[in-house]
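Q: Sequence:
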Amino acid sequence: MAEAPGDGELLYQGVLSLRFTVSFQEYYCVLSDTGVLKLYTDEASAAAGAAPTKQTRVAGVKEWSGETMFGAHENSFKIVTYKGNAVSASARNRNEGTLWVKSITAVTEPESHEGQKLAKHKRKAARALEKEKKRQEEYEARAKAHRALPTVPSEKPDVPPISYLTDPRRTRLDARNFPKYREHLKAQKIETRLTASLDEAKQEEQKKKKKKKRKPKSEDAGSTDGDAPPPPPAGSPPSAAKASPPPPSGEIDFEICAKFNNLLKLGLSHAEVKSFMAAEGHAPAVLDQTSHYLTHGATQRAPESPTKKARKAAGPPPAAPPQPVSMPPPPTPAAPPARKSLMDQIRTGFSFKKKS
Numbered sequence: 001m002a003e004a005p006g007d008g009e010l011l012y013q014g015v016l017s018l019r020f021t022v023s024f025q026e027y028y029c030v031l032s033d034t035g036v037l038k039l040y041t042d043e044a045s046a047a048a049g050a051a052p053t054k055q056t057r058v059a060g061v062k063e064w065s066g067e068t069m070f071g072a073h074e075n076s077f078k079i080v081t082y083k084g085n086a087v088s089a090s091a092r093n094r095n096e097g098t099l100w101v102k103s104i105t106a107v108t109e110p111e112s113h114e115g116q117k118l119a120k121h122k123r124k125a126a127r128a129l130e131k132e133k134k135r136q137e138e139y140e141a142r143a144k145a146h147r148a149l150p151t152v153p154s155e156k157p158d159v160p161p162i163s164y165l166t167d168p169r170r171t172r173l174d175a176r177n178f179p180k181y182r183e184h185l186k187a188q189k190i191e192t193r194l195t196a197s198l199d200e201a202k203q204e205e206q207k208k209k210k211k212k213k214r215k216p217k218s219e220d221a222g223s224t225d226g227d228a229p230p231p232p233p234a235g236s237p238p239s240a241a242k243a244s245p246p247p248p249s250g251e252i253d254f255e256i257c258a259k260f261n262n263l264l265k266l267g268l269s270h271a272e273v274k275s276f277m278a279a280e281g282h283a284p285a286v287l288d289q290t291s292h293y294l295t296h297g298a299t300q301r302a303p304e305s306p307t308k309k310a311r312k313a314a315g316p317p318p319a320a321p322p323q324p325v326s327m328p329p330p331p332t333p334a335a336p337p338a339r340k341s342l343m344d345q346i347r348t349g350f351s352f353k354k355k356s
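Anchor point for the sequence shown: position 217 equals 217 in UniProt numbering, and the numbering is continuous, going up by one each time.
These are computed hints drawn from the structure, not numbers from a lab. Hints may be right or wrong, so weigh each one.
Unchecked claim - EDC-like, lysine to aspartate or glutamate: derived pairs with alpha carbons at most 20 Å apart:
1. Lys120 to Asp33
2. Lys259 to Glu280
3. Lys62 to Glu109
Stated by the list, open to error - Label pairs and their in silico Cβ distance ranges:
4. Ala148 to Glu96: 51 to 59 Å
5. Lys144 to Val87: 53 to 61 Å
6. Ala72 to Thr21: 12 to 20 Å
7. Glu96 to Gly8: 20 to 28 Å
8. Glu132 to Glu74: 42 to 50 Å
Where a beta carbon is used, it is the ideal one built from N, C-alpha and C, also for glycine.
Could you build all of it, start to finish, from the sequences and the hints given here?
A: In structure tokens form, the structure reads like this:
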């Protein structure tokens, strides 16, 4: 609906029964935020932008009971025009009647609650309009700057230019053109990480080997009999160290003794250890001597394995507990003198001690 420049924006519209003469007549009324009230015959003419049947400026609203000489009207009130005339009006229902009264009050009484709400709405709409106007200006400025950029030729070259990565107008590399750019670098004999072969990169990764973590000793000690190392094949010749001549019968080879003792700690019996070490190339006589030495209690302790850390030296042997000194029994107190009866004291006579 087209409105005059001074009419303002639409505030409320609807059907009202107005009485300008003796009888009531229905009009389609349109109220603007400047207080202009336009009356149309129906809603279609108002939407088509036709000229209003009547037009006036409201100055206020009054309460009215709705009673007339010919009957009573519900949802009724009176509209006061700027000329001071009071026009009787009746809405179709209570909701529309309340909205008409509040809309007219907001326009005619700015200090009222409805007037303050209308002013707040106008300020909010003005800020939104200003924000949209500023956004439109920025968009036009960007469009103008974009149009000022040099045009790109329609025929796209097969090989992108060398300034593909350094062009300030490009913010990131397009993944679709990545293989072409790599071929371009190879053609120009420019070596970068993009032109490096995948085999070279894999070789560098293979050089970096992770260090193997050593298992704790508790896991080795808790292993079962099945975890014992298998004997070497019979065909393998013994090494020079293993083929060394056995020591004299009177001496003990503590290195073999330590190895024998370690295998015993793994849970093997003496016979199994002998057979295992004999398969390695040790002499049976030396093994029997070592087994006898470990079984029948050696005077000196067998040394530990050379691969293990040396144990801390034990401190001095604990001193023997001190023997309790026998004390002579305390002297027994002297028995108190026998108490004499009264008759004995009379017979022997009384003796009085002088106080010092």
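Q: All hints are to be evaluated individually against the structure, with a verdict given for each.
A: Here's how the hints hold up against the structure:
1. Taking the CA atoms of Lys120 and Asp33, the gap is about 13 Å. The hint holds against a cut of 20 Å.
2. Proposed proximity of Lys259 and Glu280 is supported: the alpha carbons are some 12 Å apart, at most 20 Å.
3. For the hint linking Lys62 to Glu109, the alpha-carbon distance of about 13 Å falls within 20 Å, and the restraint holds.
4. For the pair Ala148 and Glu96, the supplied restraint of 51 to 59 Å holds, since their beta-carbon distance comes to about 56 Å.
5. Separation of Lys144 from Val87 is about 55 Å and conforms to the stated range, judged on CB atoms against 53 to 61 Å.
6. For Ala72 paired with Thr21, a C-beta distance near 19 Å keeps the hint of 12 to 20 Å intact.
7. Roughly 21 Å separates the CB atoms of Glu96 and Gly8, a value that falls within the hinted 20 to 28 Å.
8. About 43 Å separates the C-beta atoms of Glu132 and Glu74, a value consistent with the hinted range of 42 to 50 Å.
Hint compliance for this structure: no hint is broken.
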